[in-house]
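Based on the hints, put chains V, F and E in the right spot on chain L.
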Amino acid sequence: MNIFTEPVGLSHFLVVGAVLFVCGIICMATKRNVLGVLMGIELVLNGANLNFVAFGSSVLRPPGTDGIGMDGQMIALFVIVLAAAEAAVALAIALSYYHAHATVDVDRGVELRG
Amino acid sequence: MQAERAQSDTVEFDVRTDEMLINMGPQHPSTHGVLRVVLRTDGEVVSEVTPHIGYLHRSAEKIAEKLTVRQYLPYTDRLDYLAAMNMNLGWALTVEKLLGRRVSEKTRHLRVIIAELNRIASHLVAAGCFGLDLGSFTPFMWTFREREKIVDLFEEICGARLTYSYLLPGGVTAGPPDGWFGRCEAFLDQFDPVIDELHALLTSNAIFIKRTADVGVLPPEMAIDYGCTGPVLRASGVDWDLRRDGEPICTEMYDGYTWQVIAPTGGRYPDDHPYPPVPPEAVVGDSWHRFFVRMLEVVQSMYLIRQGIEKYSADDGELDKPIKIKEKLPKGEAYLETEAPKGQMGFMIVGDGSAVPWRVRIRSSSFCNISPLPELCRGVLIADMPAILASLDIVLGEIDR
Amino acid sequence: MAELLISISIPDWLAHTIAALVQCGLLLAIALCSAAVGIWLERKVSARIQDRLGPTRVGGKFGWLQPPADGLKLICKEDIIPAAADHILFRIAPYVCFCATFCVFLALPFANGWVAVELNAGAFFLLAVAGLEIFGVILGGYASGSKWSLYGAMREAAQVVSYEIPLGLCVVVVVILTGTMNLVEIGNQQAGWFFNWHIFHDPFTFVVFWVYVTCAVASSNRAPFDLPEAESELVAGFLTEYSGFRWVFFFMGEYASMFVVSGLGALLFLGGWNGPIPIASLLGLTPDGGDVFGWIGNLLGMCNFIAKAFAGMTFMIWLRWTLPRLRIDQVITTCLKYCVPIVSAMLAGVMLWSFFLPGGLILHVRSRYVAQPPSAVQSRAESSITAEGGCATRNTMDIR
Amino acid sequence: MDAINWHSCFFLLFAAIACGFAVAVVVVGDIVRMACCLVVSLAAVAGLFFLAEAEFLGAAQLMVYVGGTMVLLIFGVMLTARGPFVSMKTGGGQWVLAIVIGVALFAVLLQAATSTSAWNGPKANDQAAVPAANNSPLPQAGEGPGVRAVEGDSQDAAGQLGLGLLGVREDRLRRQDKPVLLGGMSGYLLVFEIISVHLVVVLVGAAYLARARRRGRNPESRSPLPDPRSPKPESP
Numbered sequence: 001m002n003i004f005t006e007p008v009g010l011s012h013f014l015v016v017g018a019v020l021f022v023c024g025i026i027c028m029a030t031k032r033n034v035l036g037v038l039m040g041i042e043l044v045l046n047g048a049n050l051n052f053v054a055f056g057s058s059v060l061r062p063p064g065t066d067g068i069g070m071d072g073q074m075i076a077l078f079v080i081v082l083a084a085a086e087a088a089v090a091l092a093i094a095l096s097y098y099h100a101h102a103t104v105d106v107d108r109g110v111e112l113r114g
Numbered sequence: 001m002q003a004e005r006a007q008s009d010t011v012e013f014d015v016r017t018d019e020m021l022i023n024m025g026p027q028h029p030s031t032h033g034v035l036r037v038v039l040r041t042d043g044e045v046v047s048e049v050t051p052h053i054g055y056l057h058r059s060a061e062k063i064a065e066k067l068t069v070r071q072y073l074p075y076t077d078r079l080d081y082l083a084a085m086n087m088n089l090g091w092a093l094t095v096e097k098l099l100g101r102r103v104s105e106k107t108r109h110l111r112v113i114i115a116e117l118n119r120i121a122s123h124l125v126a127a128g129c130f131g132l133d134l135g136s137f138t139p140f141m142w143t144f145r146e147r148e149k150i151v152d153l154f155e156e157i158c159g160a161r162l163t164y165s166y167l168l169p170g171g172v173t174a175g176p177p178d179g180w181f182g183r184c185e186a187f188l189d190q191f192d193p194v195i196d197e198l199h200a201l202l203t204s205n206a207i208f209i210k211r212t213a214d215v216g217v218l219p220p221e222m223a224i225d226y227g228c229t230g231p232v233l234r235a236s237g238v239d240w241d242l243r244r245d246g247e248p249i250c251t252e253m254y255d256g257y258t259w260q261v262i263a264p265t266g267g268r269y270p271d272d273h274p275y276p277p278v279p280p281e282a283v284v285g286d287s288w289h290r291f292f293v294r295m296l297e298v299v300q301s302m303y304l305i306r307q308g309i310e311k312y313s314a315d316d317g318e319l320d321k322p323i324k325i326k327e328k329l330p331k332g333e334a335y336l337e338t339e340a341p342k343g344q345m346g347f348m349i350v351g352d353g354s355a356v357p358w359r360v361r362i363r364s365s366s367f368c369n370i371s372p373l374p375e376l377c378r379g380v381l382i383a384d385m386p387a388i389l390a391s392l393d394i395v396l397g398e399i400d401r
Numbered sequence: 001m002a003e004l005l006i007s008i009s010i011p012d013w014l015a016h017t018i019a020a021l022v023q024c025g026l027l028l029a030i031a032l033c034s035a036a037v038g039i040w041l042e043r044k045v046s047a048r049i050q051d052r053l054g055p056t057r058v059g060g061k062f063g064w065l066q067p068p069a070d071g072l073k074l075i076c077k078e079d080i081i082p083a084a085a086d087h088i089l090f091r092i093a094p095y096v097c098f099c100a101t102f103c104v105f106l107a108l109p110f111a112n113g114w115v116a117v118e119l120n121a122g123a124f125f126l127l128a129v130a131g132l133e134i135f136g137v138i139l140g141g142y143a144s145g146s147k148w149s150l151y152g153a154m155r156e157a158a159q160v161v162s163y164e165i166p167l168g169l170c171v172v173v174v175v176i177l178t179g180t181m182n183l184v185e186i187g188n189q190q191a192g193w194f195f196n197w198h199i200f201h202d203p204f205t206f207v208v209f210w211v212y213v214t215c216a217v218a219s220s221n222r223a224p225f226d227l228p229e230a231e232s233e234l235v236a237g238f239l240t241e242y243s244g245f246r247w248v249f250f251f252m253g254e255y256a257s258m259f260v261v262s263g264l265g266a267l268l269f270l271g272g273w274n275g276p277i278p279i280a281s282l283l284g285l286t287p288d289g290g291d292v293f294g295w296i297g298n299l300l301g302m303c304n305f306i307a308k309a310f311a312g313m314t315f316m317i318w319l320r321w322t323l324p325r326l327r328i329d330q331v332i333t334t335c336l337k338y339c340v341p342i343v344s345a346m347l348a349g350v351m352l353w354s355f356f357l358p359g360g361l362i363l364h365v366r367s368r369y370v371a372q373p374p375s376a377v378q379s380r381a382e383s384s385i386t387a388e389g390g391c392a393t394r395n396t397m398d399i400r
Numbered sequence: 001m002d003a004i005n006w007h008s009c010f011f012l013l014f015a016a017i018a019c020g021f022a023v024a025v026v027v028v029g030d031i032v033r034m035a036c037c038l039v040v041s042l043a044a045v046a047g048l049f050f051l052a053e054a055e056f057l058g059a060a061q062l063m064v065y066v067g068g069t070m071v072l073l074i075f076g077v078m079l080t081a082r083g084p085f086v087s088m089k090t091g092g093g094q095w096v097l098a099i100v101i102g103v104a105l106f107a108v109l110l111q112a113a114t115s116t117s118a119w120n121g122p123k124a125n126d127q128a129a130v131p132a133a134n135n136s137p138l139p140q141a142g143e144g145p146g147v148r149a150v151e152g153d154s155q156d157a158a159g160q161l162g163l164g165l166l167g168v169r170e171d172r173l174r175r176q177d178k179p180v181l182l183g184g185m186s187g188y189l190l191v192f193e194i195i196s197v198h199l200v201v202v203l204v205g206a207a208y209l210a211r212a213r214r215r216g217r218n219p220e221s222r223s224p225l226p227d228p229r230s231p232k233p234e235s236p
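Chains as they are written, first to last, in the working numbering: chain L, 1 to 114; chain V, 1 to 401; chain F, 1 to 400; chain E, 1 to 236.
Hints were generated in silico from the structure; no laboratory data involved.
Some hints here could point you the wrong way.
Pairs of lysine to aspartate or glutamate residues, derived as EDC-like cross-links and limited to a Cα-Cα distance of at most 16 Å, are as follows [said to hold, decoys possible]: (1) 324(V) - 44(V); (2) 147(F) - 44(V); (3) 147(F) - 19(V); (4) 149(V) - 51(F); (5) 210(V) - 329(F); (6) 311(V) - 255(V).
Just chain L, with the same shape it has in the complex (with noise of 0.2 Å):
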C-alpha cells in the first residue's frame, strides 16, 4: 500500500493531530518557562482542530459515508479564535505573574499569597 499512490484517508490526518496533540502534552509537563507551556497548549489545540476539520471534510472519506459536514470547520474556527483570547488573557497573566516573582520560571511560583 504506496502512500504516495493511494489516497490519503481520515486516519492519516488522526495520526498528525496525535503527534501534534502529544507533543502538546510533553512541552506542557516539561517546559519551565511560562511561555514555555502557553506554547504546549497552542499545540494541543492544534492537534484537535486538526482532527475536527478531518472529520467534517468531505474529501477524506469515501464517497457516501457522512461525516459531520460543515459543523467541523466551524467548531475549529470558534476554537481558533477561542485560543487567541486565551492566549491574551495566559500573557497578561504570565506578565502580571512577571511582575510578582521578576522571571517567569514556574517553578518559583510556589505561594499561594499575592
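Using the frame of chain L, we list chains V, F and E on its own:
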C-alpha cells in the same frame, strides 16, 4: 517646576521593563558632530539624558598663548565652522577694543554685509539639519543648494569656502572684486521664493508641527539661568540681541540700519510678518519657535545686507588695512561678546605688552545652549531627543574648542 | 502547461514539477522586477523633488541599469554576522520577510483570470499572509543582538500589527460591496467606465479608500510612518547589522510589499485591470470575441493594473520625500484614534447603503435578482457578469 | 507504477513539517527558537487545512493563529526576557516521566485512529481520482429521495461557513425532506453571538490584568528617577 510637569505627564507605562542605558553617538548621524549622549530609557520614555563632550577638544585657547593676534585668526574659523566669518568678526572686534581702535565706515558696512550673509548660511544649515533629524530629507537638499551660492560669493572674496580668515583685526585683507555686489543682490532676489518654499515644506507642515510644537519647552527663566543666548534665548520670549542691546562697539556697527530683533515677546512676533501664522499648539520656547525665530532672522539679515550694499557703494572712503603681524598688545585685558548666529560668542584677551597675548578665553554660545538638554529631555520619547537637539542648533567645534 | 509536457512523454510527476517551477519562476520574476523598477522609480522621483538628476550614468541616459548595478554591488559586499547574533535566526529572517510578501503575489490577479492561484477566499488569504511579514522583522531585530535593532523591531511590530486591523476592515468594506472574496470577481465587477469603480460607488467607499491609503503606507513602513528605519534615532533600526545580500532581501521585501499594497488598492478601489475608458470592450477584445482578442484584452488590462500599481508607488515615494516622520505614539494614535473609528463608521455606512441602494453612485437601473427558492447558492453561482454598455448586473445575494 | 497522487504527496510534506517542528518545539531550549518552530508548525497545519478542502479555515488559521497569537507570544517573550534570554533547564527525571506518558498516550491514540475501517479513507480502486485541486461540479438541483451525499462545493466553503454563522445551515437544507424539521436546521447564530460577547469580556479582562503598575498601589513599583538637580529646595 519643569521636573514636576515632565514627571506628571510621563507616559503611563504598561509593563515595567528593565531600564536601558543607551549610547547615542559619538558617531551617531543626528548628533551634529562628535557629541555622545547617554540615555537612560524605560521602554520608549527617556528618563535621564547626560551629554558627554570633549571629543573635538584641540586646546585652542592654549595655542593662542603662542601666536600673535593676527596669526591666531585661522583658529577662530575652526570654532564654529558653519559661521566662520562671525567668529573672525568677534575676534577682530575684541582686538580692536583692546587696542582702542575703530575702523572706517566703509569697512564697517562691509563687515555687516558679510556677517549677515554668513548668518543666513548658518541658519540654512540649522533648518536643513532640523528637517533631516525629523526625517524629511528634501529641506536639507534645498537649504544646502542655497548655502552653496553664499559660499560661492565668499570664495570670490577670500578664496576659501568654509574657513575664511577674512575679517582681520583692523580691516580686511582685500576688498570684494567688482561685480560682487551685483551677484550678491542677484542671490538675494532669487532667495525670497526659496524662503516661502521652506515655510511651506516645514513650518506650516502638520506633521512638523506635531513633532515640534510643545516639545522641549524652555521657559525664559530657565533659559537665562542656563545662559542660553541667540535664537534659543529669543525663542523663549526674551527680547535680547547684542546687535541692538550689546556693548557700544557692537551696536555701532549697526548704526543707521533699520531692522528688528525677532522674539515672541508676549506671545507675538514684532511686526505682522508675511509668513505662516503661529500654530495654536506651539508654546513660546518650544522647538517650533526656535526654528521659526531662525527663519525670520534670515529675512532680517536680507534687509540688512541690502541696506549694507547701498551704504557701502554710497561711501567713497577707503577700506582699512589690517594691523601689523607683530602688533604690540597693551598691558591689560578686554572681553567682548558679539551676536554670532548660534548665540553670543565671547572672546577675552589678556595682553602683557608683548605681541603674544598672555591668556585667551573663549565663551562658547553652543556650550551654554546645550546645557539645558537634560532638563528638556526628561520624560520625552526617544524620537523627540534628536528633534530637541537639532532645535538647539549646536556645533561641537565651538563647544569643545 | 503540465498536459503539454505529458504529451511529449515526459514522466507525469516530472511534468507537474516543471510546470510548477515555471509558474513560480514567472511569479518570482514579477516580484523582483516590480522591486527593481520600484527602486529605480524611487531614485528618479526623489531626485526630481530635490532638484537633482538621479542616476544618469549607468546604462544609458536615464540610468536604467541602476537597480541591477545596485544588486551586483550588494552581492559583492561582505556578509557580516555580528558576534552576539543568534546565527540561525539571523540567517532566516530576511527570507521569511521576502516569502511573506512573495506569497501575496500568488493570489494577486493581474487581469481577468490571469492569476497564479484563483482562491475563493483570495482577499482573506492576502490579509493573512501580509501578517506574516512581521516575523521576518522581529526575528531580524532580535537576532541582531543589539539594543538598537531590538528597539526598531519592536516598534515595527507594534506598528504593523496595529495597522492590520484598519487594513482588514477596509478590505471587508469592499468584500461587502462585491459580495465575494474572490479577487478576480472583485475586479470584474468594476468593469466598464470609471464611474463603475468602487471608489465612486458611494461616499463611504471614497473615504475608506483614503483610509486604506494611510494604512497601506503605514503597513509597508513607508514615510511618514517609517519608524523602524528612523535614521536619526535608531541608526537603521533592525537593518543595522544586515549587509550585503541579506540586506537586499529585506530591501526587496519592502519594495515588493509597496507594489503589492498599491496593487491591492488599485484592485479593490480603482477598478484593477479596468481602465477609465473600457477600451477592450469597446474594441471587442472581450473573451467571447475569440481567444486571441480575449488575450489581447487581458494584456491591455494587465498594463492598466501595473500602471495603477506604479502610480500608487509614485504617490508613496512622493510622500516619503516631502513629509517629516511621525513619532511612535503619534503613529499608533492615528491608527487607533482615527483610522479604526472612521473605517468602522464607514463599514456601517456601506452595509446600510448596499442594503437600501445596491446600485452604484450613478444610479443605474439595476435588475435585482429575485431570490429563487430554496437554495440561494444556485442563484449566485449562475449569475454571470454581462457587461452590456456598463450596466453591470449586480448579484446581490438575498438572505431571507 | 500508477499515477502519483499529488494530494498525498503534499499531505506527507505538510505532515512531516508539522510533526517535525512540533517535536522541535519540545526539544529546543531557547524560548525564541521554540516560538519560531511553533510558528512553522502552525503554518504547516494551515497547509493541512487547505489540503482537507477547508480553504477558509486555512486562511483563518494563518491570520488569527500565526499572525496574531504568535506575535502576542513573541511580544510576551521579549517583555519578560530577563537578561540574555536565559533558558531554563528541566531535570532529567521529569523528561523521562513526560516521555513515557507521552508515548503511552500516543500509542492509545494511534490504535484508535487506525483501527476503525471507516476512517481508512477512500480506496484507490472504487472511486474516481480524488479531486486534487479541481472544483467539483455544482450540485445538481434535483431533489434525490432520502439522504444522499452532498458534494460540498469546496469552491463555496466560505459562503457556506458564513451562512452557517448567520443561522442558515445550507448544506443540510437540501438533504432534509421533511419540511417540519427544516426549522431545526438552525445554524450557529446563538453560538456566534455568545462567543463575540465572550471575546470582548476576555480581552477587556486581559488588558486590565496587564495594566500599568506604575502608579501608587503596588509599593515596589519604581517611580521615575528622582531628579538630582530638580529646583525643588528640599532635595539635598
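Verification of the hints:
no.	hint	in the structure
1	324(V) - 44(V)	violated (59 Å)
2	147(F) - 44(V)	holds (12 Å)
3	147(F) - 19(V)	holds (12 Å)
4	149(V) - 51(F)	holds (15 Å)
5	210(V) - 329(F)	holds (11 Å)
6	311(V) - 255(V)	holds (11 Å)
Taken one by one, the earlier hints fail for this structure only at number 1.
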